[in-house]
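Undergrad: Chains as they are written, first to last, in my numbering: chain V, 1 to 582; chain S, 583 to 967.
If you are wondering where the hints come from, they were derived from the structure by calculation, not from laboratory data. A quick note: this is a predicted structure, and the numbers were derived from the prediction, not measured. Ideal placement from N, C-alpha and C gives every residue a C-beta, glycine not left out. Among these hints, one or two may not hold up.
As the list claims (entries may be wrong) - A few chain V residues facing chain S, derived, Cβ under 8 angstroms: (1) Ala58; (2) Leu60; (3) Gly90; (4) Asp94; (5) Leu95; (6) Gln99; (7) Leu103; (8) Tyr104; (9) Glu106; (10) Leu107; (11) Arg108; (12) Pro111; (13) Ala129.
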Amino acid sequence: MAEPIPANIVAQARGIVKSFGGEKPALGGVDLAVTPGKVTGLVGPDGAGKTTLIRILAGLMTPDAGEVSILGGSPAQRLDSIGYMPQRFGLYEDLTVRQNLLLYAELRGLPRDAQEAVFKRLLDFTDLARFQSRPAGKLSGGMKQKLGLACALVSTPPLLLLDEPGVGVDPISRRELWAMVAELTKEGIGVLWSTAYLDEAELCDSVYLLSEGELLFSGPPADLTGAIADRVISVTGFADRRRLALTKALDRDDVIDGTLQGRAIRLLIGEGHPVPDAAALDLGPDTKVAPTPARFEDGFIEKLGGGPEGTSKLAAAYREIPPSDAPAIEAKGLTRVFGAFTAAKDVSFTVPRGQAFGLLGPNGAGKSTTFKMLCGLLTPTSGTGSVAGFDLRRSAAQARSSLGYMAQKFSLYGDLSVGQNLDFFAGAYDLSGGDAREAIERVTQIFELEQHYKRNAGTLPLGFKQRLALACAVMHQPSVLFLDEPTSGVDPVMRREFWTHINGLVRRGVTVLVTTHFMDEAEYCDQVTLIYRSRQIASGPPDALKAQAGALTGAADPTMEDAFIALIDASDANRDEEAEAA
Amino acid sequence: MTEEALPVEAAKPQGSSRRRLLALMMKEYAQIRRDPSTFLIAFVMPLLLLFLFGYAVSLDPRATRIGLVVQDESAPAARLAEAFARSPYFSVTTLRSIAPARDLMVQDKVRGLVVIPADFGASVEKGRPQPIQIVTDGTQPNQATFIASYAEGVRTNWMISEMGMRGAPPPIDVSQRVWFNPGLQSRFFLVPGSIAIVMTMIGTLLTALVVAREWERGTMEALLATPVRMSEFIASKVLPYFLLGLASMALCTVLAITLFGLPFRGSVLALLAIASAFLMPALGLGLFISSATKNQFVASQAALFASFLPTFLLSGFIFEIASMPWPIQALTYAVPARYLIPALQTVFMAGDVWPIILPNIAIMLCFGMVFFFLCFRATRRSLDA
Chain V
1 MAEPIPANIV AQARGIVKSF GGEKPALGGV DLAVTPGKVT GLVGPDGAGK
51 TTLIRILAGL MTPDAGEVSI LGGSPAQRLD SIGYMPQRFG LYEDLTVRQN
101 LLLYAELRGL PRDAQEAVFK RLLDFTDLAR FQSRPAGKLS GGMKQKLGLA
151 CALVSTPPLL LLDEPGVGVD PISRRELWAM VAELTKEGIG VLWSTAYLDE
201 AELCDSVYLL SEGELLFSGP PADLTGAIAD RVISVTGFAD RRRLALTKAL
251 DRDDVIDGTL QGRAIRLLIG EGHPVPDAAA LDLGPDTKVA PTPARFEDGF
301 IEKLGGGPEG TSKLAAAYRE IPPSDAPAIE AKGLTRVFGA FTAAKDVSFT
351 VPRGQAFGLL GPNGAGKSTT FKMLCGLLTP TSGTGSVAGF DLRRSAAQAR
401 SSLGYMAQKF SLYGDLSVGQ NLDFFAGAYD LSGGDAREAI ERVTQIFELE
451 QHYKRNAGTL PLGFKQRLAL ACAVMHQPSV LFLDEPTSGV DPVMRREFWT
501 HINGLVRRGV TVLVTTHFMD EAEYCDQVTL IYRSRQIASG PPDALKAQAG
551 ALTGAADPTM EDAFIALIDA SDANRDEEAE AA
Chain S
583 MTEEALPVEA AKPQGSSRRR LLALMMKEYA QIRRDPSTFL IAFVMPLLLL
633 FLFGYAVSLD PRATRIGLVV QDESAPAARL AEAFARSPYF SVTTLRSIAP
683 ARDLMVQDKV RGLVVIPADF GASVEKGRPQ PIQIVTDGTQ PNQATFIASY
733 AEGVRTNWMI SEMGMRGAPP PIDVSQRVWF NPGLQSRFFL VPGSIAIVMT
783 MIGTLLTALV VAREWERGTM EALLATPVRM SEFIASKVLP YFLLGLASMA
833 LCTVLAITLF GLPFRGSVLA LLAIASAFLM PALGLGLFIS SATKNQFVAS
883 QAALFASFLP TFLLSGFIFE IASMPWPIQA LTYAVPARYL IPALQTVFMA
933 GDVWPIILPN IAIMLCFGMV FFFLCFRATR RSLDA
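Isolated chain S, as found in the complex:
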């Protein structure tokens, strides 16, 4: 212990808002650097999600295993069987009778059956409709629908070519062009979607956790006893996590373009504007949740339900909004990510289409304002419950 006196009449405090804010942000930075979980959520999780959606999850039907039961020996039947075998969407096991095919279905070796009946060739010769039977597995409704419609497609193509062989002109010539995503590759819309997920995680979940942690560990109590203002405290949480969110978004974008060959038809400025606009409601919600709950566990659950799940399910990222029942559709309007996804997809796949981007940005900013308003109302500079 020192002999030197501790002067009570120390120099007058020179506090300023800017100085306190800077100190709080430096503290936040030091914590982020030292806390492995922040790093995991901000940089490792985006990578995982990107790889998951980029490589592992694909909504494109490719080479689904089906059983093809050919009960007819005629040339048209053989040509139809050939068409199924050549289709990129099916990997075909050819059989002669139903019984073994049924066994394959039961053992889940094939996901569907296509039966070309015995009188198929004869019907074709007589110009009668040619029924084929399509059997699908109803326990996997999505796949069943895919198989049914793609099998139907194969038959239609076959029919058109049959007609051509007979010299009859095909009834209609449909020439298909798919814009923006000519290959109809699902990763092209899944990857922007995963950017939305990542920003939600950082903006809402991480922010909710770090503020709740201050309450739980009692550091909030010590902070409140200093001249810090609530606005300074909130700003010190918003700015670092805003930057972290942008950094993580940038990482995702660069990987999406270089690794997955995603087009980037818009401008960096537009992307930045969209991401910044989305981070406002995300951060606002996170701060609101944590100031209302003051408990890490409750905050994480609330963040999961209020932001992560809606972003996942109701933003149009995986499930098309247009095909939802109307009450759910109505609900999607309250999900900020609903406005992010179309804007992001536009920037990646179409370009800077401002008439689409700007309204979405405006709506996201409105959400942000509402959440920040709620957050300021919920955060009082006091420990009174």
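Same shape as in the complex, but just chain V:
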């Protein structure tokens, strides 16, 4: 007999196992409970099993083993009590905002006389009242997300399942969504919020941390961060040598993780080691060490057994890019118009040799468009650019051959083996014979691809796919590297590994242009530019942007995300003024 379910639980899952026929089950015996009036976080990287678990709770999949109880019944018996927002929102793009709401209201049997009141409230709540008659397909990402939430809420269910509602949406919309969900929990709704953003985990009342189908942690997020609270330090005072400092720190035995934070570095000290002082770190005479609050991500890393070493094997085997005063990447007024839509407007920046430059912004802001113009994949409507000294309009082919490109999402040949992909890209980058063999051997060793050498690239675990993609992009040792969302969805240890390589390559003189929607990753860059609604709204070193945001809002120690939001607000206000003036 199973134990009775406590009365204060909306949804409970015990020992859930689900396998799709792979080597590892998607879920290997997971327990979970959602309490009313609380936000329960389901946190983990892509492929951890979050979506599978949510689908099982929503009655869309049957577990191979284990039991699920929603308000004391099976999910199929409780469909009326479950509000579910799938990852892609489940909206009918041809239907208007109102028609979508009406459809879900009718399907969920919302009493007709209550409909008007509920719609009005939901539309006010989501601030969509003005767009009622707009087709859902014509809404922005943030607005779609809010409409998806509204559709899941039409019958005010006691259980609300949200599958990665925050992914790829701009930080402002994410914050608004959190505020809405907080409001809902006040009414007693139990919310399960799945996310790959670890900073969102800290906002949850309790968290289930999932990795490769296994629970690594469950409980209030403070329990996880509390355990490591006194082991996180911020180190400053080494001016421009921050990359070297991080490498040295990470190579120490007592440091299990470290990240760049503007001019500072954050270190996580391993359990059982004393926290080192400035002298012990040996990073220079002006070094200062201060404790700093632990983050959920630190806890995750510790659960995963710590991050990688600081020395990048890739960088160690890389050629030294000769110094030069000429800029490695230059964009001058790059503009691209698609029909009536301007995807990128007047984007200009210069990246000197041997720097990491970040393009930041939410999905659809124009990052990838800018990126593609600089790679010569899209012809700018106006403006010019150059890469490694080659003009994009006149010698796009030469420009392309001096850069390595890692596309957003997996863009290798999924039905070729790892080896065949490497062979192909060696050929595509003009390596032949001995050079090709040597390059392939080198990257195979660096990225530990031997074990998967004969496997089809499409079936690799996500982390290995990303490694293979990077391996293909760097085989010909280009002087400029373009990385489009290289760390999207991978676990934090893999993210560290990527940034270790990027750091190492930059120190070798490689120029790296990277796009990301993880705001904290901007801290690794020497300079960033924020792109929002097709325009560049701010540029500069991360610390300068944070300072700028601090001046705008008066906040003492803003994060990169705070800075982003403050700068977007300022830009929106500017735009409104411009619109009024016009």
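Assemble chain S onto chain V, guided by the hints.
TA: The following block gives chain S in isolation, referenced to the frame of chain V:
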């Protein structure tokens, strides 16, 4: 954001099957109205097909260009040449020798040659058989056959009239009557055939696409998380596209009668019954394909191969089934449109001949039941692969 509380203890849901079905159908209607491709397939494509088959494509041989090489100066030869020139089936270029005629053939200026040899008149005088030579272009086998047989026909007619001139009674008097389509106009059977194509497109292709689209865009996932039942979902797809299919069929019929002067000798009721019976297997197949594939591209390819091509090739719409080799003939029995075409042709050209119509309707309904059974089996209320 509102200060007002969102009550969790909201009024109890008042869901009912009828209400959900209605909501789903309203959604489908709104989508059909907003989606230009549905409109194109349902109303513009039928028009195109009708015009194509009604005006442009004709299987009737008319005024095929041939070269007539007259090497004989006699009166009978002149009369035969005259007969060719007057034939409505040929447009004749008369020549005196083979060489230029061969050039015309090579340059594709004529599609065939008829040679009246030098001793033609003499043979006629002596009562010997009168050989003429017919040269055709084997790269166009259909046309070659037409030319050969029509040229033969012209000669036979000529022979009969020659005999009459000599006072001898013609050997047999054949009086030809063609029933139902006295003019033997191909458009009369092509137009009902195009109705079959149109209903196949709407019933199978369009339905397959719209269901696959729900899977692809992730809306299916959201629907499945509501209390909707699978039967309600399927009904919400069947009914609107059933009506759309009938509407499109009606459009075709009205145009066929008013524009192309097609006779309509049966009753509207019979036509409606036949069309409805055919839409069952068409819709069932479309739904089955889309639930099995869940992907628009694969669904469209499968629909093309499983329904559109068989309807086109194996239904007797263009190619006569009786003249196919037996394995292919056997295959045609598995094509629902095979039973639609004779029923439709009967209603248009002959009238309400129920002994022909009813068995065909019954067979189509059986197919429909099989496909719907398969469809229910393939559609599970779950995302488990």
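Undergrad: Taking the hints in turn, state whether each one holds.
TA: Taking the hints in turn, this is what the structure says about them:
Below 8 angstroms, beta-carbon pairs count as interface contacts, and V/Ala58 has one with chain S at about 5 angstroms; its hint therefore holds. For V/Leu60, the interface hint holds, since its Cβ comes within 8 angstroms of a Cβ in chain S; the closest pair sits about 5 angstroms apart. With a cut of 8 angstroms, the hint placing V/Gly90 at the interface with chain S holds, because the nearest CB-to-CB distance is about 2 angstroms. Interface restraint check: V/Asp94 against chain S, minimum CB-CB distance 4 angstroms, threshold 8 angstroms, status holds.
With a cut of 8 angstroms, the hint placing V/Leu95 at the interface with chain S holds, because the nearest CB-to-CB distance is about 6 angstroms. Annotation: V/Gln99 was flagged as interfacial toward chain S, and the flag holds, the nearest CB pair being 6 angstroms apart, inside 8 angstroms. The restraint placing V/Leu103 at the interface with chain S holds, with a minimum CB-CB distance near 5 angstroms, inside the 8 angstroms limit. Given hint, V/Tyr104 at the interface with chain S, holds; its Cβ is 7 angstroms from that chain's nearest Cβ, closer than 8 angstroms.
With a cut of 8 angstroms, the hint placing V/Glu106 at the interface with chain S holds, because the nearest CB-to-CB distance is about 3 angstroms. Given hint, V/Leu107 at the interface with chain S, holds; its Cβ is 4 angstroms from that chain's nearest Cβ, closer than 8 angstroms. Satisfaction of the interface hint for V/Arg108 is found here, the shortest Cβ-Cβ separation to chain S being roughly 6 angstroms, below the 8 angstroms cut-off. A least Cβ separation of about 5 angstroms between V/Pro111 and chain S falls short of the 8 angstroms threshold, and the interface hint therefore holds.
Annotation: interface hint on V/Ala129 violated; nearest CB of chain S at approximately 11 angstroms, more than 8 angstroms.
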